[in-house]
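Turn these sequences into a full structure, and let the hints guide you.
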Amino acid sequence: MTGIHRDEMLGLICGGVALALLSLLPLLTEGFYLSFGVNLVLYAALSTAWSLFSGPTRFVSLASAAFFGIGTYSVALWLDALPFVVLIAIAALASAALAALIGAATLRLSGVYFVIFTLGLTELIRQIVSWSQSRFAHKMGLYVFTDFTEGDLYWMLLALTAATFSVGWLINRSRLGFALRIIGDDETVARHVGIATARAKIVLFMISGAFAGIAGAIMAPRYAYIEPQAAFNPMISFMVVIMALLGGTRRLWGPLVGVVPFTVVMELIAARFPNESLIVVGIAFLAIVYVLPSGVTGRIECLRERLRRSLGTGVDAPGCGKIEGRA
Amino acid sequence: MQILVTGTLLGGTYALIALGLTLQYGAARIMNLANGETLVAACFVAFWLFSRLGVNPILGMVIIAPAALVLNWLIYAWLLRPLVRRAKNRGMLEVDSILATFGLLFLFQGLMLLTFGGAYFNYKFLAEPFSILGTPYALNRVVAFVAGVLVSSLLYLFLYHTRQGAAVRAIAVDPASAQLVAIDVSRTAGFSFALGGALTACGGTLLSTFYTFNASMGVLFTMKALIIVIMGGVGDIRGATLAAFILGLSETAVASLIDPGLTLAATYALFILVLLFRPQGILRRGAA
Numbered sequence: 014m015t016g017i018h019r020d021e022m023l024g025l026i027c028g029g030v031a032l033a034l035l036s037l038l039p040l041l042t043e044g045f046y047l048s049f050g051v052n053l054v055l056y057a058a059l060s061t062a063w064s065l066f067s068g069p070t071r072f073v074s075l076a077s078a079a080f081f082g083i084g085t086y087s088v089a090l091w092l093d094a095l096p097f098v099v100l101i102a103i104a105a106l107a108s109a110a111l112a113a114l115i116g117a118a119t120l121r122l123s124g125v126y127f128v129i130f131t132l133g134l135t136e137l138i139r140q141i142v143s144w145s146q147s148r149f150a151h152k153m154g155l156y157v158f159t160d161f162t163e164g165d166l167y168w169m170l171l172a173l174t175a176a177t178f179s180v181g182w183l184i185n186r187s188r189l190g191f192a193l194r195i196i197g198d199d200e201t202v203a204r205h206v207g208i209a210t211a212r213a214k215i216v217l218f219m220i221s222g223a224f225a226g227i228a229g230a231i232m233a234p235r236y237a238y239i240e241p242q243a244a245f246n247p248m249i250s251f252m253v254v255i256m257a258l259l260g261g262t263r264r265l266w267g268p269l270v271g272v273v274p275f276t277v278v279m280e281l282i283a284a285r286f287p288n289e290s291l292i293v294v295g296i297a298f299l300a301i302v303y304v305l306p307s308g309v310t311g312r313i314e315c316l317r318e319r320l321r322r323s324l325g326t327g328v329d330a331p332g333c334g335k336i337e338g339r340a
Numbered sequence: 002m003q004i005l006v007t008g009t010l011l012g013g014t015y016a017l018i019a020l021g022l023t024l025q026y027g028a029a030r031i032m033n034l035a036n037g038e039t040l041v042a043a044c045f046v047a048f049w050l051f052s053r054l055g056v057n058p059i060l061g062m063v064i065i066a067p068a069a070l071v072l073n074w075l076i077y078a079w080l081l082r083p084l085v086r087r088a089k090n091r092g093m094l095e096v097d098s099i100l101a102t103f104g105l106l107f108l109f110q111g112l113m114l115l116t117f118g119g120a121y122f123n124y125k126f127l128a129e130p131f132s133i134l135g136t137p138y139a140l141n142r143v144v145a146f147v148a149g150v151l152v153s154s155l156l157y158l159f160l161y162h163t164r165q166g167a168a169v170r171a172i173a174v175d176p177a178s179a180q181l182v183a184i185d186v187s188r189t190a191g192f193s194f195a196l197g198g199a200l201t202a203c204g205g206t207l208l209s210t211f212y213t214f215n216a217s218m219g220v221l222f223t224m225k226a227l228i229i230v231i232m233g234g235v236g237d238i239r240g241a242t243l244a245a246f247i248l249g250l251s252e253t254a255v256a257s258l259i260d261p262g263l264t265l266a267a268t269y270a271l272f273i274l275v276l277l278f279r280p281q282g283i284l285r286r287g288a289a
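Residue numbers (this note's numbering), protein chains in the order written: chain U, 14 to 340; chain P, 2 to 289.
Accuracy of the hints is not assured; some may be wrong.
Covered stretches of chain U, as calculated for chain P (at least 3 residues, CB under 8 angstroms) [claimed, not checked]: (1) 119–129; (2) 135–143; (3) 284–295.
Hint data in this document are derived by calculation from the structure and do not stem from the laboratory.
All residues carry an ideal CB built from backbone N, CA and C; glycine is no exception.
Spelled out as structure tokens, the structure:
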């Protein structure tokens, strides 16, 4: 651990100011803009949590929706029995436990198995939940009635996003973060220098999953009536992947750059052309692969590098193409 | 007994779909997550041919398979070959191809939803009883199974008894060494990808004769095909065939003994067992 650099200090102050400004939103407006704000902050938290794990390791996880649904159900099942704070802790623990299971089954092997496993995971859990509800509880949905206003949910999600950022920042500075960057660059090298690669990946995946689970728990009061079909919505996973990759995962704040425009676009599409939304998602994926392989932030950094080199002040940096190739 | 027969009949169709994916992933090294969309598209074309023009689906395969071959070849040449060129190692190609085929998946699914809507489709083809060992089964399932076995046998003959087939097997084992014995790896990979698409389309055509399908079920079949491919060992034709029957049997068993809503759970249980105990495939020896 080193001391705090001046850059980091600046980032911290900017982040703090931004957080303070954003937290004013519920005081200024309600209705549409606030509910849009909730969506925005929700995806900000989910994408940042996603890129905590998938950014350095480059393992595409599609489990966000599963963690989210588990969080939602943790609240729905025990809302009458336990205080909300405890439920959030349960959501975090349950999601982390699921992440540990997925990790233990797949993260020892190559990345493809992991992608495939998480691809159907949400649907699997939905099937199991539906089946056990109809089998043992004889009803499909659960009611969640709380006193939380939309503003409360917004603040909680904002706090969660801030927490995700802080944890991400701490991980980056820790031995774990360093180990993961090496794993992402070359797993064989990582293993040879004595990093327990599987364990490092599993631990980080658990942290990332726990945050997604908490997000689900916070969102539960907003749905009021919770059924498997709505809580385990696979689209959430895909949206998170697109937003994070669109923004770029090489910086902690990269995903945010993708979250804002894509949430706006999807909101517009859902309002104007609801039938075409899947096509937009498809085009977004293709655009990421072919146009922005390292995301918007990666592209900006690369352009800045090129500019600096053309001015003759920079050291011999790798060309743009090389950086893009690393996405 | 009934479970055994129904499961085997289902496994025949799964085998065809999974063989398609084996060629695409094992030989062409493209993890094609839009594979299920090829299948669903074939279902719709077969449906359209049958209900509008009265074309027998089995004959319809003669039109559908070449069409899928051309379409998949175009996809490979235009979209995937640049990724293969760009990739520095296999891991990078995997991430890129996964994301790109996600794009295709949503694009095609969105287009099909626009065209056909989210409703379920089916048509009546040979919906008559056919008796095996005294128990009646739907004739269309039996016909689909027999056609599936025929197509798979043709593939087997092609792969193991022709030069072009040997080239496909060679790039599945090691693309770098295949180049040394004068195999045009890029072209052979494109051909394997296209052939894989055609096989999946055949599977889809056969599936449509007895299965109720809709525009958004592709992912589920991609998932099943992927699990079969991994169970069989990536690139292993015989392993994939065996795995397809295991999956067909266990799905049918779970659906009829426990609950039809839990078929995916059965698939996953198999998947986890394979990952834990035989990640290199059921027939293959040595470490993955």
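So which of those numbered hints doesn't the model satisfy?
No hint contradicted; all consistent.
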